Amino acid sequence: MTTRAGLDHVRELMALATGDEKHDESSTSTLDALWVLYDRVLRVDPNAPKDEARDRFILSKGHGPSAYYAVLAAKGFFPEDLLAGFLEFGNPLGSHPDRNQVPGVEASTGSLGHGLALAVGSALALRARGATDQRVVVLCGDAELNEGSNWESILLAPYLNLTNLTLLVIDNHSSSIPMGPWEPRLGSFGWDVLVVDGHDHEQLFGGLSERPSGRPNAVVADIPEGEW
Amino acid sequence: MVIDMRSQLARTATDLIERDPNVAVVLAEISVDRFERAMAIAPDRVINVGIMEQTLVGVAAGFAMEGFHAIAHTMAPFLVERPFEQVKVDFGYQGLGGTLASVGAPYDYGTEGGTHHSPGDVGVVLTVPNTDVLVPGCAAELDRLLRATYADGRLTYLRASVAQNDVAFEVGRGRLDVVRRGSRATVVVVGPLLTRTLAACEGLDVSVLYTASIAPFDAAGLAAAAGPDPLVIVIEPFYGGTLLPALADALRHVPSRFASVGVPRRFITSYGTPEEHDRELGMDVAGIRRRVVAALEPG
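Residue numbers (the working numbering), protein chains in the order written: chain U, 52 to 279; chain F, 11 to 309.
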């Protein structure tokens, strides 16, 4: 079961990270999925954030990273008191995560539509190294998927049989252009698609734990408007 | 038989794939036929992503994130102009090393029109901090530069072209060679324009320096060769003036004059062979001589 007490603590840490209110919905929409990932799914070690055997996670959209920072801090990747200096000059926690400044962050993101191709490259690299058990999870927002670069990689990943790749879509309905229905759209490109309640930890855990054979999988975490 | 730079790129990269398990090559349809052997040797490390250039660069950066020495290759405008943000962010901002190896600049695909020309490629790449730009003058130099830099942890733009010089130099990152000495001016020649520049400067009392390394540029070497009160004329196989900031910085301690003989900054709308474009743009032997002589005349 998910550690609810741990999630309550993450919320307290998020409350410290003020100043980016324009991205509040972007951040809170990702909270449950990020918590389930780091609490129950990803094999990562805060004491060895560059361990070769780790799973990889890329926050592709970059926007609204306070939930991401709070989860990483709660899991021990960096001191929790850094959250209080969020966005302040000299503090490594900026409005978009930086892999060279924040332990546990795999990719520097914020320019939308970059993370999925990076994840494809990372998944290819792991396969080339013979790593059959490790996986790459990349989180994209529904509006981020407006970017055409994503659809290049959505076309490519099934062609390359990247079974070690998971696309986690946080569909908080922020896109001006509705992006669903997800099953037929992503499925037609060759992805295994599962839509879950974006706040339901057991559904998220089930979807993110599943490793369908033969093709990459997409887990779409639905967050209804107003329930960010 | 003289091998072309594009084939040499594939040959050298294939050799690196064979020797070094940390090398990965990412292609976007272009030159796939030249990489068939590499694909057979290491299908997991030689990837053709199809016609998707943003993903080409992003996937190469993903390989680099995992510690691979990634070589991304396609035509110049589609390698550094179309996916420029991936070059800037995925490699540059993230501080990742890798090789972006292009063909076709500035107008090698001469009949394809302006969409396939890229005289601005080097200028664009130079806006990405901590990026090396290497412009070999022939296949042997390309081979030498790629082997020397592919695993150095830096982002390198390696620019292959159809035009080649008759002789190869001991090129290297940050290296500048004195080819001949004269007194009226110092002519700095970049990459594949050396042979024609030497012909253009026949009978002119000028020094000729040669480099395949735009960034880093050998500032100390230029300062030593140019002397006091120099007139420096740079022969550039890209938009004219691209290298002037580096030259001015190199000679900032002495009063200096500069002139550029490069590709004019306008869209090329005619169709033809690279040689025909050279002639129209003043980049053939006669054009370079005319422009050098003009630069030598008192203002």
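What the hints contain is simulated information worked out from the structure, not anything from laboratory work. Because the structure is a prediction, the values reported are computed rather than measured. Treat the hints with caution; some may be incorrect.
A partial selection of chain U residues facing chain F, derived with a Cβ cut-off under 10 Å [said to hold, decoys possible]:
id: 1; residue: T160
id: 2; residue: S173
id: 3; residue: V187
id: 4; residue: A194
id: 5; residue: E198
id: 6; residue: S200
id: 7; residue: E203
Quick reminder that beta carbons are idealized off the backbone N, C-alpha and C, glycines included.
Here's how the hints hold up against the structure:
no. : hint : result
1   : T160 : 8 Å, holds
2   : S173 : 4 Å, holds
3   : V187 : 9 Å, holds
4   : A194 : 18 Å, violated
5   : E198 : 9 Å, holds
6   : S200 : 4 Å, holds
7   : E203 : 4 Å, holds
Hint 4 from the list above is the single one not met by this structure.
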